[in-house]
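Trainee: Each chain, written out:
Number of protein chains: 2
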Amino acid sequence: MSSDITNRPIGVFDSGIGGLTVLKEILRVLPDENTIYLGDTARVPYGIRSPETVIRYSFENTKFLSFKDIKILVIACNTASSVSLDAIKSRVSIPVVGVIEPGAKAAVMATKNKKIGVIGTEATIKSNAYTKAMKAINEEVEVFCLACPLFVPLVEEGWTEGHIASMVAEKYLAGFKNKDIDTVVLGCTHYPLLKKVIAEVMGAGVRLIDSAIEISQEITVILEDLGMKREKKSPSFREFYVTDSPERFLNVGEKFLGQQIEHIEKINVGN
Amino acid sequence: MSSDITNRPIGVFDSGIGGLTVLKEILRVLPDENTIYLGDTARVPYGIRSPETVIRYSFENTKFLSFKDIKILVIACNTASSVSLDAIKSRVSIPVVGVIEPGAKAAVMATKNKKIGVIGTEATIKSNAYTKAMKAINEEVEVFCLACPLFVPLVEEGWTEGHIASMVAEKYLAGFKNKDIDTVVLGCTHYPLLKKVIAEVMGAGVRLIDSAIEISQEITVILEDLGMKREKKSPSFREFYVTDSPERFLNVGEKFLGQQIEHIEKINVGN
Chain A
1 MSSDITNRPI GVFDSGIGGL TVLKEILRVL PDENTIYLGD TARVPYGIRS PETVIRYSFE
61 NTKFLSFKDI KILVIACNTA SSVSLDAIKS RVSIPVVGVI EPGAKAAVMA TKNKKIGVIG
121 TEATIKSNAY TKAMKAINEE VEVFCLACPL FVPLVEEGWT EGHIASMVAE KYLAGFKNKD
181 IDTVVLGCTH YPLLKKVIAE VMGAGVRLID SAIEISQEIT VILEDLGMKR EKKSPSFREF
241 YVTDSPERFL NVGEKFLGQQ IEHIEKINVG N
Chain B
1 MSSDITNRPI GVFDSGIGGL TVLKEILRVL PDENTIYLGD TARVPYGIRS PETVIRYSFE
61 NTKFLSFKDI KILVIACNTA SSVSLDAIKS RVSIPVVGVI EPGAKAAVMA TKNKKIGVIG
121 TEATIKSNAY TKAMKAINEE VEVFCLACPL FVPLVEEGWT EGHIASMVAE KYLAGFKNKD
181 IDTVVLGCTH YPLLKKVIAE VMGAGVRLID SAIEISQEIT VILEDLGMKR EKKSPSFREF
241 YVTDSPERFL NVGEKFLGQQ IEHIEKINVG N
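The listed protein sequences derive, respectively, from chains A and B.
Going by my numbering, the first sequence opens with residue 1, and the numbers climb by one from there.
Going by my numbering, the second sequence opens with residue 1, and the numbers climb by one from there.
Be a bit skeptical, because a hint or two may be false.
In this list, chains with the same sequence are indistinguishable; a pair is considered to hold if it fits within one copy or across any two.
[Unchecked claim] Straight-line Cα separation of at most 16 angstroms, EDC-like style, residue types lysine to aspartate or glutamate; simulated pairs:
1. Lys229 to Glu218
2. Lys195 to Glu161
3. Lys255 to Glu157
4. Lys105 to Glu218
5. Lys126 to Glu247
6. Lys266 to Glu52
Hints are computed from structural coordinates only; laboratory data are not their basis.
Could you put together the complete structure from these sequences and hints?
Mentor: What follows is the structure, given as structure tokens:
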């Protein structure tokens, strides 16, 4: 395979900034890759929208990244992965990875008593995507799903610790009580920032699955299998695109990514 | 003036469902009017977006309603009113009313010590629209502004009472402590649903201003002045349009409006 292909960037899209937790993990595991990140900040959040609208937005994001000549497409948003992965796969001729399957696989591997909890946005939970993915791996697992709409605004407000975060987590996760769950999937890219609070409420025996970690392994395997992994010859590049003004994205985003964001540009997708 | 004009509907747009609290008040005061409501649910919320994007969305909503031959345009969203009212006024040939000026006027009338608090979304607060509007009426008022980003998701989750709502309100409104404020403007259409909690935190001596009530008076005056007020000859109609699927809008919306929503249709604006 020519060196051209390995140099083509990994394309990542998310509804906003949440997917930066996924990009962070990709960069940790694959630091020599070129990457392009698109955050659809003019239309975030996706988690409260209908499947039709999320699919339309996902198509438009995919179209933008396809023009950037990416070698693999990563859907870093749980909601978009839940409802649009299959539709996107049938539209592009490069590998497409969503966050659901890697997270589902890791949860099924991790559980000992086959009782798994999934938390996510309204749209992700309604789609039943995690349950379907887990049952496809092992029919015997019992999956309990819970939408936690306030978690995203809590994280965006920076209230990831303290009384309010704990009380909100307790109120939602009460739905998991007496279910004997031993594994919980953090089915939204914002939720790893609430890991500490969620772990406290769920108790020490419960394992939390962070899709960002799992998807990075999946991407590595695919790139290696296809001989598309980049080897460092020159410095790698990171490009960022947003659909609303970059200001707010930069403020919160660098906290999510854990490094500085350069080369950011506002673009229009879809209209 | 011909009866044709009086029969033309009042057009109301909002970023989503919040504006239904405004429509509810309009219908209480002007029950014989025909009304068309547009909720831009595919792109809600506006309060976290840049002025440029909010203006673009507002133009697109205005264009849609203009084609419906409305006689007056009501911008029921505080964020959209804050940043796009002037721009819209210069584009259409019908009266345009936003929620800022009526609310500002009522607050300046209500305050005794000339110390007014304003709470709203990030975009509304950043725009300084309330402060400008109040200072234009009375230069001497002191205005203290506070963004409360979690209030909207709290209301949409239905958690308008109880411990969590109280703690969130206390945390935000601590910024008003020791300011000797005697009047607070609820500068977001969702906030009237948190009136009880906000009143408890602010204390009995503080007057809360609900823009929905004020804007309805303003609309009545304009329609009467221009001879455009409808007199009941036949039943009035209520049409609703949303940009995402109607399901979620119907679930939460009827609570906001306090009556059943019929004649709802999904449409596209802007793309």
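Trainee: Quick one: which hint numbers does this structure break? Sort them smallest to largest.
Mentor: Going through the list in order, the structure violates no hint and respects every one.
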